[in-house]
Amino acid sequence: MKPKKQATSRKAVIGPFVERLMKSLFFLCSAVVILVTLLITLFLFREGLPALMQVPLWDIFTGVIWQPPAENPKFGVLPLITGSAVITLTSLLLATPLGLAVALYLSEFSRSLERDVLKPLVELLAAIPSVVFGFFALVVVSGWIHGLFGVGTRLNALNGAVVLTLMVLPTIASISEDVLNSVPRDLKEAAYALGATRLQIIRRVILPYARRGIAVAVLLGFGRAIGETMAVLMATGNAAVISLNILTSMETMTAAIAIEMGEVVFGSLHYQMLFFLGILLFLISSAVNIIADYIITRGRLR
Amino acid sequence: MKERLRESLVILSLRVAVAVVLAGLLTVLFDIVSKGVGIFSWEFLTESPRQGMTAGGIFPAIVGSVYLVALSLAASVPIGVLAAIYLVEYTPQGRFLRVIDISIRNLAGTPSIVFGLFGLGLFVNFLGFRQSLLSGALTLACMSLPVIITASREALLSVPNEFREAAYALGATKLQVVRRIVLPNALSGILTGVVLSSSRVVGETAPILLTAAAFYAPTLPTSPFDRVMALPFHLFVMATQSSNPLKTAPIQYGTALVLLLVAVGLNAVALVVRAKRRRLKVW
Chain R
6 MKPKKQATSR KAVIGPFVER LMKSLFFLCS AVVILVTLLI TLFLFREGLP ALMQVPLWDI
66 FTGVIWQPPA ENPKFGVLPL ITGSAVITLT SLLLATPLGL AVALYLSEFS RSLERDVLKP
126 LVELLAAIPS VVFGFFALVV VSGWIHGLFG VGTRLNALNG AVVLTLMVLP TIASISEDVL
186 NSVPRDLKEA AYALGATRLQ IIRRVILPYA RRGIAVAVLL GFGRAIGETM AVLMATGNAA
246 VISLNILTSM ETMTAAIAIE MGEVVFGSLH YQMLFFLGIL LFLISSAVNI IADYIITRGR
306 LR
Chain E
21 MKERLRESLV ILSLRVAVAV VLAGLLTVLF DIVSKGVGIF SWEFLTESPR QGMTAGGIFP
81 AIVGSVYLVA LSLAASVPIG VLAAIYLVEY TPQGRFLRVI DISIRNLAGT PSIVFGLFGL
141 GLFVNFLGFR QSLLSGALTL ACMSLPVIIT ASREALLSVP NEFREAAYAL GATKLQVVRR
201 IVLPNALSGI LTGVVLSSSR VVGETAPILL TAAAFYAPTL PTSPFDRVMA LPFHLFVMAT
261 QSSNPLKTAP IQYGTALVLL LVAVGLNAVA LVVRAKRRRL KVW
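As given, the protein sequences belong to chains R and E, one line each in that order.
Oh and the first sequence: position 46 is 51 in my numbering, straight run, nothing missing.
Oh and the second sequence: position 118 is 138 in my numbering, straight run, nothing missing.
Quick caveat, the hints were computed from the structure, so don't treat them as lab data.
Note that the Cβ used here is the ideal one computed from N, Cα and C, for glycine as well.
Among the hints, a few may not be true.
Claimed, not checked - DSS-like, lysine-lysine: derived pairs with alpha carbons at most 27 Å apart: (1) K28(R) - K55(E); (2) K55(E) - K267(E); (3) K22(E) - K193(R).
As the list claims (entries may be wrong) - Counterexamples of contact, computed for chain E against chain R with all Cβ distances above 12 Å: (4) V57; (5) R70; (6) I122; (7) F138; (8) E174; (9) E182; (10) R184; (11) T193; (12) I201; (13) N264.
All chains, full assembly: derive it from the sequences and hints.
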């Protein structure tokens, strides 16, 4: 009898202690997420901000030449910003209508069997690694574009934008589809009862209701496109020139970091400038998240 | 009549858009499968590169990728699952939860190259791990954390509350409920999330480019502080920095095919398991 009693009493003492210990462990693990976010911010700024001591902020954002390895290095980020902007916007211009069309077709016009096949196929696009898309752009799409337009440079902004379109499309399509499916049935049925046709319901009921959600879908697509590295790096030719002609080579901020980081001296100005580009990208992706969050919560409050 | 015509025109144009997307997907898949399958052989998978990387196989890159994925999951899975347990079972309130939610979403949206910079700053330089398997795996672990937490959270939430209440009614403590009731019932959902995140991790190139990857390593890594070859990085360098891109084209396509098979295969496994689970769930 005696040992058993001892065991239970020991359990009674240790039990609550273990409960509390494990709870603290769970808590610490969830705090890791916050820690990582803080560390990313800390290390980007720690390595990147010192660049401002040597190159004034004004010069960075108004400089039209990015030429770090030269004897008299120039760190104007405008060519990289325009490169990122042109490639991202071109891909969104293609991916938004396509993604919306896919979402609308899946949610309103497809039969359930058709849907069960199409939806996983669209999601499959998201599973293909970006380096594979980059490889495809490098060896296949560049040839098509060359054949179509007969331009001098095989690797250009359009080449990057085309594969980027395939990469952001699943983001835009699947979020939009969720939003379109969330339109309440009674709204649609009320419209049918009033004699509206299917197209009228889409135009007057579904699309207005889903407006905010679609905006969020496009915004998140933008965030994904501007942060994409390998595909654009392999596809666009990486010439840091300011141009609006999508048939010329361009370099994005992400590509500049990936290419040049391998050649820089640790702690040099060039190294710091590449981290400064990282700060810009991090601020952009955070802003995208905050704006998306704002649109969603404001919509819910209404 | 006019309305009918307009409707079929709309449907037609939507169908064209869907067809364009499918054509894009199938072209990528077909091109890589058809041109990669020629070199695909047992030797290609099990031999090292030879003759200045213009011949031979991709064995070290496969091993490197396996090490990177395994080591990063070893770090991210326990932390992610335990974090999800805290968020679901211990229901923190108010500001802490909000900060966590914002952090998770923010991490999920952060570009992979920024994670690379972070890993370079923290693991490679500050902690002195240099460019190594360890630095790369830890960087990838930070990247996959939001995916694993989100998937585990969903899995835990899908366990019905009645299960917990029944256990409490029998006198179980919170920890016992979590260990004996909630975790076993959420396990398959959590595993689905792990498989899904490994399918993404295996294809990530930008983070390991800055923290771990070696163009060519004469031997397989023997310690976590060695640099490693990896499938996505191998494809990248072979395609862009090869001295003779035409001669190595089959190797490039072969590497792309292996990477595609692994990433898409893992993804498909996760999707199928998830669909089955939803259909089979009895509660």
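Now the hints, each set against the structure:
1. K28(R) - K55(E): Roughly 53 Å separates the two Cα atoms, so the pair is violated.
2. K55(E) - K267(E): holds, 14 Å
3. K22(E) - K193(R): holds, 22 Å
4. V57: Given that every Cβ of chain R is farther than 12 Å from that of V57(E), nearest at about 15 Å, it holds.
5. R70: Consistent with the label, R70(E) stays out of reach of chain R, its closest Cβ about 22 Å off (over 12 Å).
6. I122: The assertion about I122(E) is violated, with a minimum of 7 Å to chain R.
7. F138: The claim breaks: F138(E) does not keep its Cβ more than 12 Å from every Cβ of chain R (closest is about 5 Å).
8. E174: The assertion about E174(E) holds, with a minimum of 15 Å to chain R.
9. E182: The claim holds: E182(E) sits with its nearest Cβ about 22 Å from chain R, beyond 12 Å.
10. R184: holds, 15 Å
11. T193: violated, 6 Å
12. I201: With a cut-off of 12 Å, I201(E) remains clear of chain R, as the shortest Cβ separation is near 15 Å.
13. N264: holds, 15 Å
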